[in-house]
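Q: Below, each chain spelled out in residue letters.
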Amino acid sequence: MSTDVEPVAGGNVGMGSEYLEVRGLTVDFDGFKAVSEVDLTLFQGDLRFLIGPNGAGKTTVIDAITGLVGATGSVNKSGVELLGKKVHRIARFGVGRTFQTASVFEQLTVLQNLDIAAGAGRSWWTLLRRRHGVLPAIEEALETIGLAGLADKPAGVLAHGQKQWLEIGMLLVQNADVLLLDEPVAGMSAEEREETGNLLRRIGAERTVVVVEHDMDFMRAFATSVTVLARGRVIAEGTVADVQANPKVQEVYLGTAAAGTEDLEAS
Amino acid sequence: MRTFVGRWQTWAGFAVAAVLLFGVAPAVLSSFRLGLLGQYLCYAIVAAGIGLAWGRGGMLVLGQGVFFGLGAYMMGMHLKIADAEVRKQAVPDFMQIAGTTKLPAFWEPFSSVAFTLLAIVALPTVIAVLLGLGVFKRRVKGAYFAILSQALAAALAILLVNPSFHLGGSNGLNGFRTFFGFRLSDPVNRQMLYFIAAGMLLIAVAVVRQLMQSRYGELLVAVRDGEERVRFLGYDPANVKVVAYTAAALFASVAGALFAPIIGFITPAQVGVVPSIMFLIGVAIGGRTTLLGPVLGAIAVAWAQTTFSERFPSGWTYAQGLLFIVVVGFLPAGLAGLGTLLKRWRRRDTEPAPAPEPEPEKVGAST
Chain A
849 MSTDVEPVAG
859 GNVGMGSEYL
869 EVRGLTVDFD
879 GFKAVSEVDL
889 TLFQGDLRFL
899 IGPNGAGKTT
909 VIDAITGLVG
919 ATGSVNKSGV
929 ELLGKKVHRI
939 ARFGVGRTFQ
949 TASVFEQLTV
959 LQNLDIAAGA
969 GRSWWTLLRR
979 RHGVLPAIEE
989 ALETIGLAGL
999 ADKPAGVLAH
1009 GQKQWLEIGM
1019 LLVQNADVLL
1029 LDEPVAGMSA
1039 EEREETGNLL
1049 RRIGAERTVV
1059 VVEHDMDFMR
1069 AFATSVTVLA
1079 RGRVIAEGTV
1089 ADVQANPKVQ
1099 EVYLGTAAAG
1109 TEDLEAS
Chain B
8 MRTFVGRWQT
18 WAGFAVAAVL
28 LFGVAPAVLS
38 SFRLGLLGQY
48 LCYAIVAAGI
58 GLAWGRGGML
68 VLGQGVFFGL
78 GAYMMGMHLK
88 IADAEVRKQA
98 VPDFMQIAGT
108 TKLPAFWEPF
118 SSVAFTLLAI
128 VALPTVIAVL
138 LGLGVFKRRV
148 KGAYFAILSQ
158 ALAAALAILL
168 VNPSFHLGGS
178 NGLNGFRTFF
188 GFRLSDPVNR
198 QMLYFIAAGM
208 LLIAVAVVRQ
218 LMQSRYGELL
228 VAVRDGEERV
238 RFLGYDPANV
248 KVVAYTAAAL
258 FASVAGALFA
268 PIIGFITPAQ
278 VGVVPSIMFL
288 IGVAIGGRTT
298 LLGPVLGAIA
308 VAWAQTTFSE
318 RFPSGWTYAQ
328 GLLFIVVVGF
338 LPAGLAGLGT
348 LLKRWRRRDT
358 EPAPAPEPEP
368 EKVGAST
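Quick note, the sequences are listed as chains A and B, same order. Quick note on numbering: my numbering labels position 241 of the first sequence as 1089, and the sequence is numbered without any gaps. Quick note on numbering: my numbering labels position 7 of the second sequence as 14, and the sequence is numbered without any gaps.
Hint data in this document are derived by calculation from the structure and do not stem from the laboratory. A hint or two may mislead.
Said to hold, decoys possible - Here are some chain A residues pointing at chain B (derived, C-beta under 7 Å):
id, residue
1, Arg978
2, Val982
3, Gln1022
Said to hold, decoys possible - Here are the simulated DSSO-like pairs of lysine-lysine, each with C-alpha atoms no more than 27 Å apart in a straight line:
id, chain 1, residue 1, chain 2, residue 2
4, B, Lys109, B, Lys95
5, A, Lys933, B, Lys148
6, A, Lys1001, A, Lys934
7, B, Lys109, A, Lys1001
8, A, Lys881, A, Lys933
9, A, Lys933, B, Lys144
The beta carbon of each residue, even a glycine, is placed where N, CA and C say it ideally should be.
Make the full structure from the sequences, and use the hints.
A: In structure tokens, the structure reads:
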């Protein structure tokens, strides 16, 4: 799994690679626009962080892309329009996500969790027979996420950080090339954050990874590009340095949220 | 090596069960008691399916009486027509008393043996698939699903009483004389019915075992514990649930079809809400997430009901209710969970600081 390629802003593969293009994404909850007119363009090999104050609509963007909430606009993954498709169909097009609270199947072993994640395309004939051996892709994912020694333990006994890694491993074997991670390091220790960040860099080289995060230190250490959301709109986008220097971003994070948004809407 | 031992154990388990059911039971039990055991085995077939749908799939199937009743009534209709044909009569005896001289149209196909057997298998399957897809695709689950399935059982019981269906009203269908040409008054033929039920139970357990241990079984548990998460992995959980629900419906129908000739009658009271809950009690007491827990629980509860209600006619109902409450409240894994619990206590005694071991069996699954 280890490659020399690192994720870089704008993607590391160039034109013709896999991409996710979000245009005019709007989520309307009975008149309240949780997300309005969001544009995002993500290329393979980009490790994009999605940041913003509470209620900025970061998770809602992920929910809309994965089909959990209805939205208008367009979400195009390498030529396929995802909006309007059912959740499990979108997942089969290679869009995987994690949740703020780790949601692995606690009664099943680590191996079983990964085997299920790898199996969405299985025929009934395969499903109705017993699992024998370990698929090479699962073996590889177990190494990547560092849980090879715990493969036969029930996921319920894993530490919080390990559960999050298992979730990321599930996305890997699911063959998702767009990974949407919702606060993957929340509640982790400093070492676990470090390891998670390195894990993201390793897997991000060959995929498009979007990380919703509150932890600014984590973002500075690992992001290759950053999109800042406030009040459901994109207010800034660029490298970490660009975004940090952006006065609008400073306003949103330092001033009151209300003042910041009014200014934004005026501009 | 381990799989070899495991396989050997499985075959040994089935062999022991076969010896008990086919050898020991007929040898030591009177014809009457063997008939009772046959009834319990029918309940156990229903329970095996409930264990799959409820224990592993998290679907609280409170209305299995519907499918049990479908199987029982379809078999009952065929037996009544066959009895009438033997006596060279146009319609079964109870219709003559009611003044009906012509067989109702929907009764007609059931004069065919092949049609009846096919319908017993196919009708519940089709109904369960359509119902399951309709319900699970709309993401109806939990208590709402339980109430819906229970309402169906209540509705069926009311429908069956309706005189325009010519199904014997609240008396149901009774007085079966023959079973596919074999006279039911002959103990040998009654024993044959028992053997069929025993064979069906072994088949049902084998099918449920395969489903539980396959990849599908793992997926079913995943759907039970995190339906939304499974969706984001690219599966449609509705399809996964429909399979377990349909298997449970099919088992219930086959069990009903055997139950009617074994007990000799079938009434709306045997397929309504109360029996539907009774099916569940045995499963809960035995241990709903295990393979054999529901089967043994159903047999034990049915046996206890017969034994105790012979001596304390009204007391047993209370005892059963109490047992149910105790199990649901304090032993969510049922009696099968007792072994695990004891093992953990023993380990705690012998080892001063045990590692945080998880329960090997699924305890306290959400419903």
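Q: Hint check: B/Lys109 vs A/Lys1001, CA-CA at most 27 Å. Holds or violated?
A: Not satisfied, since the Cα-Cα distance of roughly 66 Å exceeds 27 Å.
Q: Under 7 Å is the threshold here; is the Cβ of A/Gln1022 close enough to any Cβ of chain B for the hint to stand?
A: Constraint on A/Gln1022 satisfied, holds at 6 Å.
Q: Do the numbers back the hint for A/Val982, that is, is its least Cβ distance to chain B under 7 Å?
A: Because about 13 Å separates A/Val982 from the closest Cβ in chain B, which is outside the 7 Å limit, the hint is violated.
Q: Between the alpha carbons of A/Lys881 and A/Lys933, is the straight-line distance 27 Å or under?
A: holds, 21 Å
Q: If you draw a straight line from the CA of A/Lys933 to the CA of B/Lys144, is it 27 Å or shorter?
A: holds, 15 Å
Q: Is the hint on A/Arg978 kept, meaning its closest Cβ partner in chain B is under 7 Å away?
A: Holds. Min distance 5 Å.
Q: For a C-alpha distance cap of 27 Å, please report whether B/Lys109 and B/Lys95 respect it.
A: The hint holds at about 13 Å.
Q: Are the Cα positions of A/Lys933 and B/Lys148 separated by 27 Å at most?
A: Holds, because 22 Å separates the two Cα atoms, which is no more than 27 Å.
Q: Is the Cα-Cα distance between A/Lys1001 and A/Lys934 27 Å or less?
A: violated, 32 Å
Violation of the numbered hints given earlier is confined to hints 2, 6, 7; the remaining hints are satisfied by the structure.
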